[in-house]
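With chain A's structure known, arrange chain B on it following the hints.
Protein chains: 2
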Amino acid sequence: MLRTHNCGELRMDHAGQKITLCGWVQKIRDKGGMIWIDLRDRYGITQLVFDESKTDTSVIGAVRELGREYVIKAEGTVLERYAKNDKIPTGEIEIDVHEIEILNPSILPPFTIEDETDGGDELRMKYRYLDIRRNPVRKSLELRHKMLQQTRQYLDAQNFMEIETPFLIKSTPEGARDFIVPSRVNPGEFYALPQSPQTFKQLLMVSGIDRYFQIVKCFRDEDLRADRQPEFTQIDCEMSFITRDDILNTFEGLVKYLFDRVLNYQLGEVERMSYEHAMRYYGNDKPDTRFEMHFVELNHVAQGKGFNVFDRSELVVGICARGCANFSRKQIDALTDFVKKPQIGAKGLVYVKYNEDETFKSSVDKFYAQEDLKLWANEMNAAPGDLMLVLSGDAGPTRAALSELRLKMGADLNLKDKDEFKALWILDFPLLEWDGESSRYHAMHHPFTSPKPEDTGQLESNPGKVKANAYDLVINGVEIGGGSIRIHDKKLQQKMFDALGFTKEEAEKQFGFLMDAFEYGAPPHGGIAFGFDRLCALFGGSDSIRDYIAFPKNNSGRDTMIDSPSTISQEQLDELGISMKEM
Amino acid sequence: MLRTHNCGELRMDHAGQKITLCGWVQKIRDKGGMIWIDLRDRYGITQLVFDESKTDTSVIGAVRELGREYVIKAEGTVLERYAKNDKIPTGEIEIDVHEIEILNPSILPPFTIEDETDGGDELRMKYRYLDIRRNPVRKSLELRHKMLQQTRQYLDAQNFMEIETPFLIKSTPEGARDFIVPSRVNPGEFYALPQSPQTFKQLLMVSGIDRYFQIVKCFRDEDLRADRQPEFTQIDCEMSFITRDDILNTFEGLVKYLFDRVLNYQLGEVERMSYEHAMRYYGNDKPDTRFEMHFVELNHVAQGKGFNVFDRSELVVGICARGCANFSRKQIDALTDFVKKPQIGAKGLVYVKYNEDETFKSSVDKFYAQEDLKLWANEMNAAPGDLMLVLSGDAGPTRAALSELRLKMGADLNLKDKDEFKALWILDFPLLEWDGESSRYHAMHHPFTSPKPEDTGQLESNPGKVKANAYDLVINGVEIGGGSIRIHDKKLQQKMFDALGFTKEEAEKQFGFLMDAFEYGAPPHGGIAFGFDRLCALFGGSDSIRDYIAFPKNNSGRDTMIDSPSTISQEQLDELGISMKEM
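The listed protein sequences correspond, in order, to chains A and B. For the first sequence, the residue numbers in the numbering used here are 1 to 583. For the second sequence, the residue numbers in the numbering used here are 584 to 1166.
Hints may be right or wrong, so weigh each one.
As the list claims (entries may be wrong) - As a list, the in silico EDC-like pairs of lysine to aspartate or glutamate whose alpha-carbon atoms are at most 16 Å apart:
1) LYS126(A) to GLU1102(B)
2) LYS1078(B) to GLU1020(B)
3) LYS146(A) to ASP739(B)
4) LYS670(B) to GLU592(B)
5) LYS1164(B) to GLU575(A)
6) LYS509(A) to ASP1146(B)
7) LYS1164(B) to GLU571(A)
8) LYS495(A) to GLU505(A)
9) LYS1005(B) to GLU875(B)
10) LYS709(B) to GLU519(A)
11) LYS581(A) to GLU1158(B)
12) LYS800(B) to GLU231(A)
13) LYS729(B) to ASP156(A)
14) LYS217(A) to GLU814(B)
15) LYS581(A) to ASP1146(B)
16) LYS1164(B) to GLU189(A)
Unchecked claim - Facing chain A, a subset of chain B residues (Cβ under 10 Å, in silico):
17) GLU648
18) ARG651
19) PRO688
20) ILE690
21) TYR712
22) SER823
23) PHE842
24) ASP843
25) VAL845
26) MET1144
Hints listed in this document are in silico derivations from the structure and should not be mistaken for laboratory results. Even glycine gets a Cβ: it sits at the ideal position worked out from N, Cα and C.
Chain A extracted, bound-state conformation (with noise of 0.2 Å):
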């Protein structure tokens, strides 16, 4: 090795040692006599220090040339300090350097390498090796290396077996679009790049592997919006012999476990909740729920009144803010004002204070009195100081509307705590979506998975109304993973083919294989995919997971730093045989 030590090792009981250590130059003191140089690498910053009038002229000659960024090789001896600095680890000992070595200069990076830099982020991707030395990122990627390793070792232990499944795969255009892969051996055909490996691990539990796991690229071609990725990673998982409880269990283990291990925090019960409940007491199917405020349904109450708004409409419904009735008009109003954003698209917005008097005002006092209101109050556990909010209309985009507002409170009354983690699994969801545009259902999750078995009768007569055996695991409001029971029979899966308008020969081009498979004694199984990603963000506290990504791409698709992607030589698509067409 270049170096005895790492910059992030030396302590009080190095002193005296002679010892070598390389790194980067953060910062240079030149106080005319004495000179000090940060020397950083990934373990941390150790102190040099050069006292002109002991150390050799050429020695203090090479300092005067380095400048921020230099890499170098310094040889010294540690020395106690006598300014100790209690904010890093080296801080008790600095580096009496006699000899140091430039290894490789550096012009002016485009952007500061400390934690807070001056580099916008264009720059910071442009140059993202350079990025990737600032302490909050490499921060991330290793704590992305700690997940990577902890999921493994929980996954191993429960004797799961990792396999990889191939990349260059075949187009099953049901989803996303894919990527595709021109064959230069096979003129006029293409590979896919898949977009999950669920068939391949499917037909692992045919070959009887009963526990397969892999942490895996994945490949979406679609219109990116801000925090998708083009390429994005997977912990993918099946078992066989199971039932929908065996694979929550197991996998809320597995984030109890990575909670434990990387964060060191224990993760509480996890609630199980159906689509149903979820969508009726917080008009999402992921829920928040670190903290409560969920929706009331006020029609018995509020209705029959004279309030026409609320008299003509499906659905009623409220959540009450704690200790927010005195809430000013102005506050009030920029609540109005959010919901009517043409995103949130409510008409308006009700509100009800429960004043700390007993008595109640209202937007509509009009048309309740305070007996009615005080109707309104018990429904929704409301006290007095409290705040109520309602809204009405359809109930779908009511819910969701509710929904926003429910988050924007949590967040404005700042009940989002950061450092507490409420983990939820959201069950039952329907098997089948209805898409006006396509006049056909599309699946929910998708065509592999098993509607709940009572529903299955109804998969020709009632599709819409069947549930599927699926499972999301929701944290803080933000979906990390998804499952389901799949179906294993053969002649099911071609009702659910047939369900979502494939045609025979579609559903067996496709999927014939899969098919096939199933005849030859295919076991029950199920199981789940984690977004990585996303959990490592989670996990890191942002909520961009870019930062968790050494090398991403941009909104377009674009790698700026590497410039990709490219044009190509004409030779590279004479091989293949393709030609562009003018646009």
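Okay, now just chain B, sitting in the frame of chain A:
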């Protein structure tokens, strides 16, 4: 769980317990009053027994419906067997079954699911999900699983950070052909799939991540030959602030650790041998050193005796096969035929038998007296009873041919012990190879490999003579890994691109980002990559990597199970703005 135990774990301790098993019907023996079933899962086989006189007729009825590979669930009581079977771990017990449920029937599989199957290669690939049910295939995948876990454990303990590099990168046609991926969002532009994460891992070193690893899929669009796959897995590693020997020590440590943990085998000292030595004494840069039989050059004792063939040869070189003086005429003829095969390419074979009576008998007795041949024997350290085999001609092809002969002799004489592993490093490869076809130098390793420091000065004046600071790890004649100390200086990197015939523009377009990165304090670094499929095959004692890949492709790059590659829809082509040329 649908089961209480698996099919591999029940023992005498469990006798009397009520248990439930799930699995596949391996075999049914129906002797009238008694029926036995071998039930199989991933963990083993357990014998089920049904006594017609004591069992519910509905159960017996169900049993008589079963066929091979049906998936069933069986409830019963663990009993001690009368006739124990010591060939399987569950052989002391059997299950007296009260209840069975058919979880899924099976049509007759296209080949038998046995260790020795009647299914040919093609059939087994088409039904790979059934092939994996066979013990040998499942065990290969289990070995691979273990190799994956242990590799990461070793590297994690050594402070290597696992970092995922992108799959959608940029085409850099130097080296093998890239698979390319059209970008829909950026029409006319393409991503490429990585042939290796080479440039990204070097950028990570520039980022200060001083120890990186990844077990990662890589892609090469090559014309396939036996045992090559278009997608393959690498253990990919890189380190900063190291010398070559630090890398050799670290990674022979990894290999020793894997042998110990996975095979409980203690790998001996890992020899270090120069490329020049390997070529001269084994005719091969991946010598199998489980046996000696190294080359002995005989020019000075064999030339000038009137044997024209030798006299006009650049090289006369032989090997000594111990104890083979008694080879028959027929055996010698067979060896002669072997070396004369077009793919070996020798013109003929000279043999010298050193008889037990200390006389010599050779194919060149006309030209050489007994005392001449005694000199050969001295050079070769031959003893009475040995057979000397000698080739001649131009040095390169002659060594290559003799290497083939040496390997054949090693195999014929059983000198390649299947249970022995001999590892060595090959060092100091040439940096560049002249390519006659393109009339330019190619990088023997890749364009980022550093010349040996003492040779750097000759890069422009005498490029063919420059040695690379590169190394390969060879075990039992198989190259399982290779790497190099990298260039970390922009100017040297430019010189290297010049030597390879890149124009400034090409170098800038393809690798500008890397050369830019070198300007911002790139540390000295180097790394290695192991062919993980090959390493698994070596550990498993197989010559074929395909056995160690769950879903391999055939020699036309086709997955016959899912039938990929395949055509895609016109709509998909249109969205990508590409069209197929008439072929």
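* Asked: Which earlier hints turn out false for this structure, listed by number in ascending order?
  -> 2, 15, 17, 23, 24, 25
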